[in-house]
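K.L.:
What follows is each chain in one-letter form.
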Amino acid sequence: MGFFGQLFVMAVSAIFIQNFVLAKFLGLCPYLGVSKKLDSAFGMGMAVIFVMTVASAFTFLIDKYLLVANGLEYLRTLAFILTIAALVQFVEMVIQKNAPALYKSLGVYLPLITTNCAVLGVAILNVTPLPDGSTYNFLWATLNGFLSGVGFTFVLLAMAGIRERLELVDMPKSMRGFASGLILAGTMALAFYGFMGLKI
Amino acid sequence: MTVTTILAASIGSQILIPVIILGIMGLAFGIILAVAAKFFNVQIDPRVEEITAILPGANCGGCGKAGCSGYADAVVHDGAPVNLCAPGGAEVAAHIARIMGTEAGAIEKKVAVFHCSSGGYKNTNWKYTYKGIESCKSAASIAGGPNACFWGCIGYNDCLKACMFGAISLDENGMRVVDWDKCTACGACVKACPRKLIELVPQNRAVHIKCSSLAKGPDAKAVCGTGNPCIGCGICARKCPVQAITVSNNLARIDYDKCINCGLCATACPTKAILDLLAGSRKKAEIDPEACIGCAICAKACPVEAISGELKQAHSIDKEKCVGCGICVEKCPKKAIKMQD
Chain B
1 MGFFGQLFVM AVSAIFIQNF VLAKFLGLCP YLGVSKKLDS AFGMGMAVIF
51 VMTVASAFTF LIDKYLLVAN GLEYLRTLAF ILTIAALVQF VEMVIQKNAP
101 ALYKSLGVYL PLITTNCAVL GVAILNVTPL PDGSTYNFLW ATLNGFLSGV
151 GFTFVLLAMA GIRERLELVD MPKSMRGFAS GLILAGTMAL AFYGFMGLKI
Chain G
1 MTVTTILAAS IGSQILIPVI ILGIMGLAFG IILAVAAKFF NVQIDPRVEE
51 ITAILPGANC GGCGKAGCSG YADAVVHDGA PVNLCAPGGA EVAAHIARIM
101 GTEAGAIEKK VAVFHCSSGG YKNTNWKYTY KGIESCKSAA SIAGGPNACF
151 WGCIGYNDCL KACMFGAISL DENGMRVVDW DKCTACGACV KACPRKLIEL
201 VPQNRAVHIK CSSLAKGPDA KAVCGTGNPC IGCGICARKC PVQAITVSNN
251 LARIDYDKCI NCGLCATACP TKAILDLLAG SRKKAEIDPE ACIGCAICAK
301 ACPVEAISGE LKQAHSIDKE KCVGCGICVE KCPKKAIKMQ D
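As given, the protein sequences belong to chains B and G, one line each in that order.
Just so we're aligned, residue 1 is where the first sequence starts under my numbering, counting upward by one.
Just so we're aligned, residue 1 is where the second sequence starts under my numbering, counting upward by one.
Mixed in with the good hints, there may be bad ones.
[As the list claims (entries may be wrong)] Calculated pairs, EDC-like style, for lysine to aspartate or glutamate (alpha carbon to alpha carbon, straight line, at most 20 Å):
#1 G/K137 with B/E167
#2 G/K131 with B/E167
#3 B/K104 with G/E134
#4 G/K284 with G/E330
#5 G/K191 with B/E73
#6 G/K161 with G/D219
#7 G/K338 with G/D257
#8 B/K97 with G/D288
#9 B/K173 with G/D288
#10 G/K161 with B/E73
#11 G/K65 with B/E167
These are computed hints drawn from the structure, not numbers from a lab.
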């Protein structure tokens with residue numbers, strides 16, 4: 001399998017089969033919280049893609065050269081949270097200074113996802129051995145972070161689209177808002193469960 | 001092994017190394033962030049934060065910006081007017097003006113006014129029975145809406161649901177009533193109404209055209225639930241002493257910047273489509289004969305010809321004819337005219 005073949009497999013896997021929200025149940029907070037409007041869902045999705053990609057790259061390096069080298073794999077959670085938090089802060093400062101336009105569109109969402117479990121999840125899964133015993137290298141870990149972010153954005157936008165339409169529906173009062181949101185999330189997870197049978 | 005040796009051993013290998021490594025990581029990140037904070041420091045105008053703190057924080061969007069902080073930013077950087085915050089009112093405008101070092105200017109409190117007299121339980125003519133989602137937006141999209149008048153109120157209360165200040169309520173006839181004290185002129189109802197019946201009008205204006213129908217006279221009359229549509233006859237426009245009313249597309253509209261609340265149009269309207277909130281409670285003008293020099297300026301200015309008198313003689317006002325518009329009070333060079341109950 002060539003590079004692009006592998007990339008395709010990883011993309012389908014990260015977006016559909018092993019979707020962070022609907023298959024791994026990570027990052028549910030923004031999934032339910034920021035999915036009321038398409039606009040903000042898009043902004044959030046872009047911020048998640050960005051942070052996941054950068055965080056994957058950095059945590060991979062931290063893991064390889066600091067933790068594994070010293071036999072401290074059990075400190076991953078702690079070290080990764082520290083790294084991601086510092087990294088997001090740093091990136092926020094840099095883009096506020098150098099790219100005010102980007103800061104305006106991402107700025108609100110960046111601090112929100114500093115310690116999001118989807119971001120931490122992708123960092124930890126990147127350094128966890130795959131079923132066949134191999135591990136990702138730096139390039140594939142970063143790509144995995146990016147594609148997982150795309151998968152997250154995909155379902156977040158789908159959810160926001162459905163919820164915008166549900167706004168118009170004549171629903172019993174007790175079902176409005178979060179209640180129908182949770183049922184909807186469960187239904188979407190069931191639908192995505194069908195992708196698990198996909199063999200690629 | 002004694003306790004101390006176990007402790008020493010564990011400190012040596014199992015605790016010390018992780019502590020040192022994590023400590024160094026934390027320290028390094030801390031230093032990097034501290035340096036970055038200095039290096040990438042963006043000068044944020046302190047006035048932006050001050051103004052953000054003063055604003056109500058409702059993020060209603062009435063000012064046209066994304067939220068309160070967006071408005072604060074616009075005031076400082078883009079020179080946005082300081083009096084755009086409707087929920088904050090004059091007080092907040094004055095605060096912002098003080099921060100910006102400018103004058104607040106008069107902030108006119110606006111309120112929502114419905115340009116339709118129909119839409120209640122009994123005063124609406126129906127074209128068909130609508131049994132869908134209880135929303136004007138949804139109903140309006142089906143065959144031009146369930147009510148007979150294409151321009152009129154559908155009565156499913158989208159405006160009421162959109163109001164986050166609870167200023168719109170239903171009276172016993174199912175008509176929407178705006179509580180002017182609660183209304184902040186945020187414009188949410190204006191956006192919510194699919195018929196575009198709601199306008200934000202300065203609160204001190206008392207005369208409103210209660211119709212938005214663009215249909216020709218007879219057609220408008222045939223479908224109107226209250227029988228008081230604007231038929232576009234233009235009598236009001238001719239009666240208006242200040243030319244505040246224009247008729248186009250079979251509909252009269254009041255220019256609220258020009259309107260002087262005289263109410264002449266409401267008395268002249270043949271279909272009673274104009275609502276005059278001050279009807280019957282207006283003061284009448286009275287001339288002080290001592291001060292009047294008989295210049296006759298007031299008589300010329302009076303839109304209803306209620307003032308009479310010989311040149312260079314004291315003039316008098318016919319109280320029956322006077323509509324209380326107050327034009328003569330303004331025109332009198334000797335300030336001899338006063339409004340009396």
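K.L.:
Each hint should be assessed against the structure and marked as holding or not.
P.N.:
Checked hints:
no.	hint	result
1	G/K137 with B/E167	12 Å, holds
2	G/K131 with B/E167	18 Å, holds
3	B/K104 with G/E134	37 Å, violated
4	G/K284 with G/E330	14 Å, holds
5	G/K191 with B/E73	56 Å, violated
6	G/K161 with G/D219	31 Å, violated
7	G/K338 with G/D257	24 Å, violated
8	B/K97 with G/D288	70 Å, violated
9	B/K173 with G/D288	65 Å, violated
10	G/K161 with B/E73	55 Å, violated
11	G/K65 with B/E167	24 Å, violated
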